[in-house]
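The residues making up each chain are set out below.
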Amino acid sequence: MDFIQLVISGLANGCVYGLIALGFVLIYKATEAVNFAQGDFMMIGAFVCLGFTNSDFLGLNFWLSIVLAMGVMAILGYLFDWGILRHMSGQSQTSIVILTIAVGFILRFLAGSIWSHEPVSLETPFAGEYVRAGGLVLGVDEILIIVVTILLTFGLYLFFSRTKLGVAMQAASQNQLAAYYMGIPVKRIQSLVWALSGVVAAVAGILFASKGAIDPASGLLGIKAFAAAAIGGFGSLPGALVGGLIIGLIEPLSARYAPDGFAGIARIAPYAILIIVLIFRPGGLFSQTQKKKV
Amino acid sequence: MSAPLLDIKNATQRFGGVVAVNDVTMHVNKGEVFALVGPNGAGKSTVFNLLSRFYTPAEGSITFDGTDLLKLNSDQIPSLGIARTFQNIELFEQATVLQNLLVGRHRHRKTNVLSDIFFTPSARKQERQHRHAVEEVIDFLDLQAYRDKMISGLPYGVRKVVELGRALATQPKLLLLDEPASGLSVEETQDMAFWIEDIQKQMGITVLMVEHDMGLVSAVSNRVMALAEGKELATGTPAEVQSHPAVIEAYLGTSGIQKGGTADKKKTSKGAAA
Chain A
37 MDFIQLVISG LANGCVYGLI ALGFVLIYKA TEAVNFAQGD FMMIGAFVCL GFTNSDFLGL
97 NFWLSIVLAM GVMAILGYLF DWGILRHMSG QSQTSIVILT IAVGFILRFL AGSIWSHEPV
157 SLETPFAGEY VRAGGLVLGV DEILIIVVTI LLTFGLYLFF SRTKLGVAMQ AASQNQLAAY
217 YMGIPVKRIQ SLVWALSGVV AAVAGILFAS KGAIDPASGL LGIKAFAAAA IGGFGSLPGA
277 LVGGLIIGLI EPLSARYAPD GFAGIARIAP YAILIIVLIF RPGGLFSQTQ KKKV
Chain B
35 MSAPLLDIKN ATQRFGGVVA VNDVTMHVNK GEVFALVGPN GAGKSTVFNL LSRFYTPAEG
95 SITFDGTDLL KLNSDQIPSL GIARTFQNIE LFEQATVLQN LLVGRHRHRK TNVLSDIFFT
155 PSARKQERQH RHAVEEVIDF LDLQAYRDKM ISGLPYGVRK VVELGRALAT QPKLLLLDEP
215 ASGLSVEETQ DMAFWIEDIQ KQMGITVLMV EHDMGLVSAV SNRVMALAEG KELATGTPAE
275 VQSHPAVIEA YLGTSGIQKG GTADKKKTSK GAAA
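Just so you know, the sequences run in chain order A and B.
Each number in the working numbering corresponds to the 1-based position in the first sequence with 36 added.
Each number in the working numbering corresponds to the 1-based position in the second sequence with 34 added.
Everything labelled a hint here was simulated from the structure, so no lab data went into it.
One should not assume that every hint holds.
As the list claims (entries may be wrong) - Selected chain B positions facing chain A (in silico; Cβ < 8 Å):
(1) E124
(2) F126
(3) A129
(4) L132
None of the values given here were measured: they were computed from a predicted structure.
For each residue, glycine too, the CB sits at the ideal point set by N, CA and C.
Same shape as in the complex, but just chain A (with noise of 0.2 Å):
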């Protein structure tokens, strides 16, 4: 009972870590930046909720919030690719990589000064709420965060299998030059690809507030989703969930069941995992790259 309550909050907040790592994929795939404020943007998403509806800021309607915090979140996105990296074209990696790490210090910074430097929790209609099933007991802010992202993974699915647009976006990430001569305007595609980051974003956030506390250094949770994303193979979809599921199952069960006075080691068991998986499968899990034929 014990073992499957802890693979139960796990994988909870291995869908958060996977969201986060989902959003450094889509970007990834789409424009060939790594985008290290990702982490940031979730922070940001969790708080606008935030601002939207807790009581001591508008008092919104909750679900209205998460309505609103994605559509911020979208706008937000769409806005930084248009407005800032749009004109880094053809600047190297290291310029884009390094922009995205000072505008996560940046976020951190506003979110600091326009909500709160300290933890504050979520206000949901679910708060404390849990389940009892047989001898687990299950709090439905758990329960919630893996439906939610089953659902959110299947209607993803279903926009890139199926849509104009999301054909269009997987068209733009695999060859530009040809989606150009399909008819595809490249450029307000990534637009939008950032747009789409900034809603999964939003929803990571809300997901991983709805269960604890917020705070501008909860941003810092990218790196560790970056580790996620690294071990699904940077560039698949199904590989960063799968990656963040990986850690965050890691993370309980070596605490429980590390050697006494070993419980810390939960901290480094991403990280310990990410350099095994990179030693024997360099491409990650579900890498995509192919052998080069000679």
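Got chain A sorted already, so can you dock chain B onto it with the hints?
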């Protein structure tokens, strides 16, 4: 003859001090196959890239079917009915042949995100039409065996055909072929010649191509323009252009000292097509 389908007037494109295309004027009539030939660096590909709107010419005008091309962006070109292939093949590598051809239908897809996700009857009907159009292309180019194969695993010759298929799937009025025969075997080049003929005669698509293989050019083109160093040397039927003194001079040189490489190239390609 009515107004030409494609009309280029006094186009000039410079890269730094190099004049890649120098005051070129040409037109392509509806329904013809028009070939651009010339030694390497003559400016043929630059003309293509001007038409694709990679570059904006320093001077001159380009109109297609009455529309000023220079007012449009690259991604708006396909909606006019211009499709192209690339010298170095630009396909979607991590997708199947079928998926690549379906992306060619992009400009014809009129659905929105919601109707696509819920796969409404109208979206379904459109999907059927697109699949049907793509299957016709697959039949035409004999790609059945490769329909569900990933591009990344396909040999060069097949990729070349897939790229042609993707361009046809857009149902263009004008097809730009950038060296359709380069890298193909003799047999594959013959197939390409048949297809170009069918594309012109059965599908009624106008073709503008850049090609080094004079055999293919003579076999399929109605008119040819020879370029050298960005300038027009001669325009006319394949035979006229090949016997034009300025063209012979550009390929062989004047002083009687043969520039071996280019001369050989012309000879071999002629031989290959015979």
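inquiry  = Tell me the hint numbers this structure goes against, listed in increasing order.
reply    = 4
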